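As given, the protein sequences belong to chains A and B, one line each in that order. First residue of the first sequence: 1, per this note's numbering; consecutive thereafter. First residue of the second sequence: 1, per this note's numbering; consecutive thereafter.
No wet-lab data here; the hints were simulated from the structure.
Just so you know, same-sequence chains aren't split out, so a pair can sit in one copy or run between any two.
Computed cross-link-like contacts, SDA-like style, restricted to lysine to any residue with a CA-CA straight-line distance of at most 20 Å:
1. Lys37 x Glu26
2. Lys37 x Lys82
3. Lys37 x Gly78
4. Lys37 x His75
5. Lys37 x Gln79
6. Lys37 x Asp27
7. Lys82 x Thr59
8. Lys82 x Phe96
9. Lys37 x Gly105
10. Lys82 x Thr72
11. Lys82 x Asp41
12. Lys82 x Ala40
13. Lys82 x Glu56
14. Lys37 x Arg81
15. Lys82 x Arg101
16. Lys82 x Val95
17. Lys82 x Gly105
18. Lys82 x Glu31
19. Lys82 x Asp27
These numbers were taken from a predicted model, which means no experiment stands behind them.
Number of protein chains: 2
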Amino acid sequence: MPKALPVIDATAPVCCAPVAAAPMGEDAAIEVAVRLKALADPVRLRLMSMLLAADEVCTCDLAPAVGLTEATVSHHLGQLRKAGFVSGERRGMNVFYRAHREALGAVVRVLDPDCC
Amino acid sequence: MPKALPVIDATAPVCCAPVAAAPMGEDAAIEVAVRLKALADPVRLRLMSMLLAADEVCTCDLAPAVGLTEATVSHHLGQLRKAGFVSGERRGMNVFYRAHREALGAVVRVLDPDCC
DNA sequence: CCAGGTGTTTGACATACGTCAAGGAGGTGC
DNA sequence: GCACCTCCTTGACGTATGTCAAACACCTGG
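Could you put the whole structure together from the sequences, leaning on the hints where they help?
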């Protein structure tokens, strides 16, 4: 994966469904696949889910919630951050993560076969 | 992946966004992750894209279109089929694949944070 | 400054994944 | 039946991924 990640085109004018609309080019496919890979893991889905529901959570609360080491959770959060789905901010002793709804929405729109 | 794949709950009454609505359980996360994994590959995304756009295509046309061996394309189609996104039917000498829009739509609805 | 809690990075390991070549299974046409 | 096409399966290979323990970085509170 030597590709840069422009944090997805949340502001793109496309309404939706490049996937269903026409055969994707290879580059576009890689762009989307990288995001989907970031989501395609049970642990990361649960982390996203918690962050979407709770707005802001620190690693120390996320790790026990998924039953894994903080190191592992940190790794997963890094994947999500690289894909633009979350961002973390250090405040005091903790670092608080929050989900980016628009980024998730953008991926969903690209994939949705029923839109438009 | 020892889990059975019930070809996704296309008829489920849920309108959407179990991911954003509440913290997912581990089993639900696995269910969704398995589907996403099936989509999270550039080659498979392009295959889905072609099938969605063309309604029915045989392996012999798909393989050159993505520039890979027929063996490899067959493998990818198998992944997509196991996840319920496509199905293939042998007719004469060829086997024709078609995409299942509803299956893709179901995954999208589960993920969509803007719906509802 | 030092002790202790919180997060990330690194190294190591097992497993899963993507790819192809080779061989087999199913169908057609002579 | 036999040559031939299309497709799938198997075996093998390298790479990527998920996990943890250990070590490092950052902050807070005495």
